[in-house]
Amino acid sequence: MPITRHRTTRAVALAAGATTLFAVAATASAQSITVVSGGGAYSQSQIEAYHKPFAAETGATVNSADYNFDLGPIRAQVEAGNVHWDVADVEEHQAIRGCAEGLFEKIDISDMPAAADGTPAEEDFIEGTFSECAIGTILFSTIYAYDERQFSDGQERPTTLADFFDVEKFPGRRGLQSKGQGTLEFALMADGVPPEEVYDVLSTEEGMNRAFSMLERVKDDAVWWDTGAQSVQILADGEVAMTISWNGRIQTAIDEEQLPAKIVWDNQMWMLNMWSIPKGGANVDLARDFIAFASRPENMAEQTKHIPYAPVRQSALELVPEEIARTLPTYPENFANALKFDASWWADYGDQTENRFTSWLAR
Amino acid sequence: MSSTVIRSVSPAVTLESEASPLDSSLKRRLRRTTRRHRLRAFALTLPLLAFILLFFALPLVDMMARSFYDPRVANTLPETVAVLEDWEFEGLPPEAAYAAVTREILERQEDGSLGSLALQLNHEIAGARTLLLRTAKGLEETPSPAVGSSYQELLTSIHRQWGEQDFWSTLKIMGNSFTLRHYLAAFDQRYDANGEIVARPDYEQVHVMLFGRTLWASALIVVLTLLLGFPIAYHIANSPPKVGNLLLILVLLPFWTALLVRTAAWIVLLQQQGVLNDLLVALGLVADEARLRMMHNMTGTIVAMTHIMLPFMVLPLYSVMKSIPPVHMRAAASLGAPPFLAFIRVYLPQTKPGIAAGCILVFILCIGYYITPALVGGRTGQFISSFVAYHIQQSLNWGLAAALSGVILVTVLLLYTLYSRLFGGDSIRLG
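Chains A and B, in that order, give the protein sequences.
If you read the first sequence in our numbering, its first letter stands for residue 2, the second for the next number, and so on.
If you read the second sequence in our numbering, its first letter stands for residue -4, the second for the next number, and so on.
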C-alpha cells in the first residue's frame, strides 16, 4: 500500500472511540473476528467503512490488527494450525502465491452481494479483481502528475503518457522511480505498445531494448526517487515538472496540502488489494460474512470518503459523489486504457530485469 | 612467544646454575614474575581479541567464503548434480538426470525447500521460479511418465525449458559448490551454455566500468586533498602554537560533525536551487534557466569527498612537518638557495613520509566509501560500493556482493604492497 495518509482527520478521533466501543460489544456477543490489514490511514478507512457497521449489524466484535503485507506470519499461523487472523487484506500477488501454497480458503464470487439493480457480483466486479481465494477490495494506480505552476495559462498541458517522455514538447525535469518495475511498462506504453501486450513485449529481448531506448530519452532530465514521499516532495519543491507517483499520495497532497498538481491518467498502471481467509481459522463463516459485507457497493463507496483508493465494483463507483469519483483510478474516463500490473511477471523476470536497470542507471 | 624466549634462555641458565645456585633461583623467580605479568597484560587484551574475532573476523571470513563457495543447489538437488557431473555440456543431459530431478523436485516440495531453491535459481535463470513451481504442480498429478515414455518427455511437456540446453548448463554450473561464477560476474563475464567463459552482453556490463571510475575518482580526490592539504598543514606547523592550535581545531571541526550533516550541507550549497547557484544567478554570471548541476553527479561526489577526506591528509602531513627543524630551511637559504629551490630540495623530501601516509590513507578510504557518493552522487557519481549495497540489500545476491568486496580488498592490498615497495614500509607515518 503506497499511502498511509488520511483524507479526513475526523476518522482518527472516531477510531479512538471505536476501540472502546468494540470492547463493550465483546462482552455482549461471543462472536468476534480479527481483520488484519496494513495499518495507518488505510486500516482506519476500513474501520470506518466496514468494521464498525459490520459490528453494529451483526453484534460481532471486529478486531483490527496490523501487518506489513508479508505472507510470513500467515504461513506460520496456518502451518501451526493456530490461526488468529480470520480475514487478511493481502496484495494481489501474495493472494496468488498464498492460494497456490494452500494458505487460503476458497472464496466464491457468487457469494458476494449483487448490485442494487440486480447485476450479479461476477459482472459488477471489474475484470481481474477476484480470484479463486481472494476478492478485491480496493484498487490504486501508478500515474504521473505535473506541476501546474510550471505551465502558464493557455500553454499546452501534457495529457498522454507519451508526453511524459517527450522532453522536447514539454521541457522540464522528470521524476521516475529508481527501479525497473513499473518504469519499463510505462516506457513501452509511451512507445505505443497497447496495455494488453506490454508483458508479452517485455518478455522479449527486443521489447526490453525498446523500453530502455525510450527511457534513454528522458535519462538526462530524470530525477530518480526511491520512496513515494520523495516523489511528492520533488514535485512540491518544483525540482521536476512532472513525476511518476501513486494516485493516493498525489491526491492526498492535492486535498490536504493544496499541491498545485494535476494527475494524468492516460495508461495508468493499477494494482489491487484483496480480502482473503487464512485456512483453518475458528470463525471462517463469520469471516465470509464480513467479506460479503465489505463487498456491498454502498460500503465500498463509503471507504472512498476516507482514502483516495478506488472501489473494485462498477456499482460502488456510481454511488461515489462525482467530485470524488473523478479523482479515482476507476472513473471511466481515467480507466480507459489502464494496464493491470503483473506481479507474477516480475517474480520471474525481476532479478535479471532489475539488475539490467540498475546497471543502466549507473552508466 | 614466551615459550621461545624460555627455550633460548634455558641453556644459559644451566651453565650459570653450576656457577651459582642462588643466583639461578633468583633468576627463575624473576622469570616467573615477568611471565605472570606478561600473561596478565595479555589477558587484558582478550576481550578485544574475542570481540574482533567474533564480530569482525568471522563475518568477514564468512562473507568472503560466500564469494566462491555456495553449496545450496548441491545440497537441495544432490543426485541431479551428481548425474550432471558426467555430462559435458553436449546436447541435453541423459535420462538419468531427468529422473533424478523429478524425484528431487517432489522431495523438496514435500519438505518445503522448493521455494527457496526456486528463488535462488531465478537469480541466474529468468523464469526458473515459475518453471519449478509449475513442474512441482504438474508432477503432483503425474509423478512418473507413462509406459513407453520418458522422464524427459514428461518434464518437457510440463515446461519447455526442460528441453533447453541453456537451462541445464546453468543448473550444472550452479551445482558446483566451489565456483568462480561470482568473480566472473564481478568482472562482467559469465559461463555460456557450453561452460566457456564469455563476456556478458553490453547492457549488463557495469562492474569493470565502476571499478575504473572508483579508481580514477579516488586518485583525483587524493590529488585534490594533497593540493589543498599541503599548504594548510605547512601553515599550521609553522604558526605560533596559539594560532596553530586554532587552525588545527578548524581542520578537526568537521571531524566532530556528523557525516550526514556535512554531506547535507554540501547539498544545500551546491544543488540547482542552492546557495551557490542563487549567488551566481544574482550576480548575473549564470542564467536562471541554465543553473549549474553540481550535485547528484560526479562533481558532487568529488567535492564532498574531498572535503571529508581532507583531515586524513592534513594530520599526517602536519605531524611530519612539525618534526622538520626550521633551521634546515634557514641553512639552505644561508648557503644561497632561493626559497623555491630550498623548498624543493630541502623541505619537500623531508615531508615524503607524511605525503605517502596521507595519500595511501585517503586512497584506501575512498575506494570503499559508500555513504557520501550514495547521497550526493546521483546516478553518475556512484562508486563500486553502491553495487555491493545493491546486491546485499536489493537483489539479495550475496555471493556477487562478496566477490565485489573481495576485488576491492585485493586491490587495496596490492596497492598497499606496491606503495610500501616504492616508498619503503617504514617511511609511511600516520602521525
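Just so you know, the hints here were simulated from the structure itself, not pulled from any lab data.
Be aware that one or more of the hints could be misleading.
Stated by the list, open to error - Here chain B is said to cover these stretches of chain A; the calculated rule only asks that three of the stretch's residues, wherever they fall, bring their Cβ under 8 Å from a Cβ of chain B:
no.	segment
1	45 to 59
2	162 to 168
To be verified - Restricting the straight-line Cα-Cα distance to at most 25 Å, the calculated cross-link-like pairs of lysine-lysine (BS3-like) are:
no.	chain 1	residue 1	chain 2	residue 2
3	A	107	B	237
4	A	263	A	341
5	A	280	B	132
6	A	107	A	170
7	A	263	A	170
8	A	263	A	107
Said to hold, decoys possible - One-sided excerpt, in silico: chain B residues whose CB lies under 8 Å from chain A:
no.	residue
9	28
10	29
11	30
12	115
13	117
14	199
15	204
16	205
17	388
18	393
We treat Cβ as the ideally placed atom computed from N, Cα and C, and that holds for glycine.
Here is what the structure says about each hint:
no.: 1; hint: 45 to 59; in the structure: violated (count 0)
no.: 2; hint: 162 to 168; in the structure: violated (count 0)
no.: 3; hint: A:107 / B:237; in the structure: violated (81 Å)
no.: 4; hint: A:263 / A:341; in the structure: holds (22 Å)
no.: 5; hint: A:280 / B:132; in the structure: holds (20 Å)
no.: 6; hint: A:107 / A:170; in the structure: violated (51 Å)
no.: 7; hint: A:263 / A:170; in the structure: holds (18 Å)
no.: 8; hint: A:263 / A:107; in the structure: violated (41 Å)
no.: 9; hint: 28; in the structure: violated (60 Å)
no.: 10; hint: 29; in the structure: violated (59 Å)
no.: 11; hint: 30; in the structure: violated (56 Å)
no.: 12; hint: 115; in the structure: violated (10 Å)
no.: 13; hint: 117; in the structure: holds (5 Å)
no.: 14; hint: 199; in the structure: holds (6 Å)
no.: 15; hint: 204; in the structure: holds (7 Å)
no.: 16; hint: 205; in the structure: holds (6 Å)
no.: 17; hint: 388; in the structure: violated (11 Å)
no.: 18; hint: 393; in the structure: violated (13 Å)
Violated hints, listed in ascending order, are 1, 2, 3, 6, 8, 9, 10, 11, 12, 17 and 18; each of the other numbered hints is respected by the structure.
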